[in-house]
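*Asks:* Residue numbers (our numbering), protein chains in the order written: chain A, 1 to 226; chain B, 1 to 226.
Just to be clear, a hint being listed does not mean it is correct.
Treat identical chains as interchangeable: a pair holds within one or across any two.
With a cut-off of at most 25 Å between alpha-carbon atoms, the simulated SDA-like pairs for lysine to any residue come out as follows [claimed, not checked]:
| id | residue 1 | residue 2 |
| --- | --- | --- |
| 1 | K139 | G164 |
| 2 | K175 | I189 |
| 3 | K190 | H209 |
| 4 | K63 | H36 |
| 5 | K175 | R161 |
| 6 | K175 | R194 |
FYI, nobody ran anything at the bench for these hints, they're computed from the structure.
Given next are the chains, with one letter for each unit.
Protein chains: 2
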Amino acid sequence: MTKPCIICVAITGSVPTTKDNPAVPVTIEAQIESTHEAFEAGATIMHAHVRNDDETPTSDPEKFARLVEGVQKHCPGMIIQLSTGGRSGAGKTRGGMLPLRPDMASLSVGSNNFPTRVYENPPDLVDWLASEMRTYDVKPEIEAFDLSHIFKAAEMNRDGRIPGQLYVQFVMGVKNAMPCDREVFDYYIKTVERLAPDAQWCAAGIGRHQIEVNEWSIAAGGHTRT
Amino acid sequence: MTKPCIICVAITGSVPTTKDNPAVPVTIEAQIESTHEAFEAGATIMHAHVRNDDETPTSDPEKFARLVEGVQKHCPGMIIQLSTGGRSGAGKTRGGMLPLRPDMASLSVGSNNFPTRVYENPPDLVDWLASEMRTYDVKPEIEAFDLSHIFKAAEMNRDGRIPGQLYVQFVMGVKNAMPCDREVFDYYIKTVERLAPDAQWCAAGIGRHQIEVNEWSIAAGGHTRT
Ligand SMILES: [Zn+2]
Ligand SMILES: [Zn+2]
Ligand SMILES: [Zn+2]
Ligand SMILES: [Zn+2]
Numbered sequence: 001m002t003k004p005c006i007i008c009v010a011i012t013g014s015v016p017t018t019k020d021n022p023a024v025p026v027t028i029e030a031q032i033e034s035t036h037e038a039f040e041a042g043a044t045i046m047h048a049h050v051r052n053d054d055e056t057p058t059s060d061p062e063k064f065a066r067l068v069e070g071v072q073k074h075c076p077g078m079i080i081q082l083s084t085g086g087r088s089g090a091g092k093t094r095g096g097m098l099p100l101r102p103d104m105a106s107l108s109v110g111s112n113n114f115p116t117r118v119y120e121n122p123p124d125l126v127d128w129l130a131s132e133m134r135t136y137d138v139k140p141e142i143e144a145f146d147l148s149h150i151f152k153a154a155e156m157n158r159d160g161r162i163p164g165q166l167y168v169q170f171v172m173g174v175k176n177a178m179p180c181d182r183e184v185f186d187y188y189i190k191t192v193e194r195l196a197p198d199a200q201w202c203a204a205g206i207g208r209h210q211i212e213v214n215e216w217s218i219a220a221g222g223h224t225r226t
Numbered sequence: 001m002t003k004p005c006i007i008c009v010a011i012t013g014s015v016p017t018t019k020d021n022p023a024v025p026v027t028i029e030a031q032i033e034s035t036h037e038a039f040e041a042g043a044t045i046m047h048a049h050v051r052n053d054d055e056t057p058t059s060d061p062e063k064f065a066r067l068v069e070g071v072q073k074h075c076p077g078m079i080i081q082l083s084t085g086g087r088s089g090a091g092k093t094r095g096g097m098l099p100l101r102p103d104m105a106s107l108s109v110g111s112n113n114f115p116t117r118v119y120e121n122p123p124d125l126v127d128w129l130a131s132e133m134r135t136y137d138v139k140p141e142i143e144a145f146d147l148s149h150i151f152k153a154a155e156m157n158r159d160g161r162i163p164g165q166l167y168v169q170f171v172m173g174v175k176n177a178m179p180c181d182r183e184v185f186d187y188y189i190k191t192v193e194r195l196a197p198d199a200q201w202c203a204a205g206i207g208r209h210q211i212e213v214n215e216w217s218i219a220a221g222g223h224t225r226t
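With the hints as extra help, turn the sequences into a complete structure.
*Replies:* Here is the structure:
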């Protein structure tokens, strides 16, 4: 397999705080620095969430703008992917940073359970986020928390709502969503290849599953997120 | 295969009204009569929703009680399964009929998208519905709208939240949830057999997919809903 392995670094998720792990970068300055280190270590994509001063997640476009500016300056050529995930806001506030025209943004195309709540991605919000990404020329990374999300992404790809080559990330190991399961991982790949043969895929294992899923991805020729 | 084929009849879904199809039974009396016909034609299980006078869905325990009484009288031995689905109410009202101690009740263990909204089954509601079913000795039929729902059901089976033999229904063909797909249907069966080897399964294709999914189910040795 000569296809280059894309390493995607998620420097800061939306949940852990410095109370959980003092090494988690939560200020914009610390995030830029941490991204820079990952960039020098070979990461190609940075996947970003931003935080309020109290470390709670936010979708504040102004914070995202400062992060984008810093990363562009310190990590020339790095692909910047901003999160439109639902922990940081509701409804259209989740897409408020898309006018910044990042290279990529995460896009959930279905709903599922999270550890203590429903991760809500209603169909009209999914369509609106996808249309904003088309408007601002942002490439979506589809966050597949379940099998039907791959079907939905392929449908949106066929009808033009997600134009071009699909980029799908399998997310495994979130409690109450899809667990980390090797057979499902293989079936996800098979399904992507069947429904969208030219798609690219990557995989993220959450928490203690991270390394395991990274290893599967690299062995199977996919990209991986750390 | 000598395993008897269980036919489950859903006389009235939660969506169509007599405007869509004048044959849809929406009054309790018409539902009892229609169930009786299905019973004489060989149906073993009746899956029931009830309606308000304006035909909108409801979870009213009093309506369910009249339905249960009529079906028990007209169809002796028929298995009665009441819907705890979310179109008819929110939160705990969805389980308000469980003290009637029907033989079975539907149970969704995850969330997913429906045609125009999120089908919300938050983890705490899922746990509460399952505990009510244990209290009143009601056997759940797991409604699997996506692959992770099979994993969740198996987990709840292992830890005793859903005791005994699992009974899983694959639901396919609902827009924005899992489409009707033969390969996924086979993978669902394989996954049930892997995670819960003594489970029983059935399948329901929604709308125009109904006959197709029935045929797959019967050929694969599962039960089927019409
Ligand atoms: Zn990635
Ligand atoms: Zn993220
Ligand atoms: Zn059934
Ligand atoms: Zn139903």
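*Asks:* Confirm or reject each hint.
*Replies:* Each hint, compared with the structure:
1. K139 - G164: The answer is within: 9 Å in one copy meets 25 Å, while 47 Å across copies does not.
2. K175 - I189: For K175 and I189, the Cα distance is within 25 Å both inside one copy (21 Å) and across copies (23 Å).
3. K190 - H209: both (21 Å within a copy, 24 Å between copies)
4. K63 - H36: Cα proximity of K63 and H36: one copy only (18 Å, versus 64 Å across).
5. K175 - R161: Between copies, since 16 Å is at most 25 Å while 30 Å is not.
6. K175 - R194: between (28 Å within a copy, 20 Å between copies)
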